[in-house]
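Protein chains: 2
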Amino acid sequence: MGFSEQLKEMVASVDGAVACSVMGFDGIAVETHNAEIAMAQTADLELSNAWVEYSNLLQQLKKAAAENLKTGPISELSVNTEKVLTVMRMVNQDYFVVMGLLPTGNYGKARYVLRLGAPKLAKELV
Amino acid sequence: MGFSEQLKEMVASVDGAVACSVMGFDGIAVETHNAEIAMAQTADLELSNAWVEYSNLLQQLKKAAAENLKTGPISELSVNTEKVLTVMRMVNQDYFVVMGLLPTGNYGKARYVLRLGAPKLAKELV
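Here the protein sequences come in this chain order: A and B. Just so you know, the numbering used here puts 62 at position 62 of the first sequence, and the rest follows in order with no gaps. Just so you know, the numbering used here puts 20 at position 20 of the second sequence, and the rest follows in order with no gaps.
None of these hints come from the bench; they were simulated from the model. Since we're looking at a predicted model, the values are computed, not measured. One or more of the hints may lead you astray.
For identical chains, the list gives no copy identity; a pair is met inside one copy or between any two copies.
[As the list claims (entries may be wrong)] Pairs of lysine to any residue, SDA-like flavour, derived with a Cα cap of 25 Å:
no., residue 1, residue 2
1, Lys109, Val52
2, Lys8, Lys63
3, Lys63, Thr42
4, Lys8, Ala35
5, Lys63, Phe25
6, Lys8, Glu31
7, Lys109, Glu67
8, Lys70, Asn49
9, Lys70, Thr32
10, Lys70, Asp44
11, Lys109, Met90
12, Lys70, Gln41
13, Lys109, Glu82
14, Lys120, Leu45
15, Lys120, Thr42
16, Lys70, Thr42
17, Lys63, Pro103
18, Lys83, Lys109
19, Lys8, Gly24
20, Lys70, Gln60
21, Lys63, Asn92
22, Lys70, Ala43
23, Lys83, Lys120
The shape of chain A in the complex, shown without the other chains:
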């Protein structure tokens, strides 16, 4: 199963999920799946712009964790606003997976699905 199918399955398995991407820390998406049903509700949020910003922060966090902090490597980052919840999970040293969901979406399930999905995506990224 390729990226596209994996991302599609991940989006389908989380209530309220609107999009899921595999991204590099440079903010460039390798692959994205958008939930069609939710696009009308979220098009004006310009999620891809937010994700570029978040990838930059995640990159900084990763660096700080490696160089200055004693809390261990970052495994997950979540940035939530009133309009959209965003969960990011590390895939490997170069990539992470990100899912956006509606505020009413199943946040716990999103975390679970990313945790399980990240190692599978890592295998594809070799």
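Starting from the known structure of chain A, arrange chain B on it as the hints suggest.
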């Protein structure tokens, strides 16, 4: 009820919570409550250093959200590692509340307690 009591109550109500602070975006804590029982397990994590780093990121995020992003103001940020989960919630324009918990702690409860606690802390900060 002052800050100190509020933070103490918040820590007490979340399984696995190790500390809770009200902090400025400059990374300076106004007040902190540490759960005594957990301190031995987390002293080597140097949480206060991590929280200074996170406050810097939260500051950047707040600025980006206000200036460049269409996803709305940041309400919550969570940075999780294998050793410690950290949930931050905006209190007002100048302060946020942060809780650290063990990876086995009740993450959902921590989010809930911060969401409910933030407006109460905001009243104290006037």
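> Of the hints stated earlier, which fail here?
Replying inline: 2, 7, 14, 15
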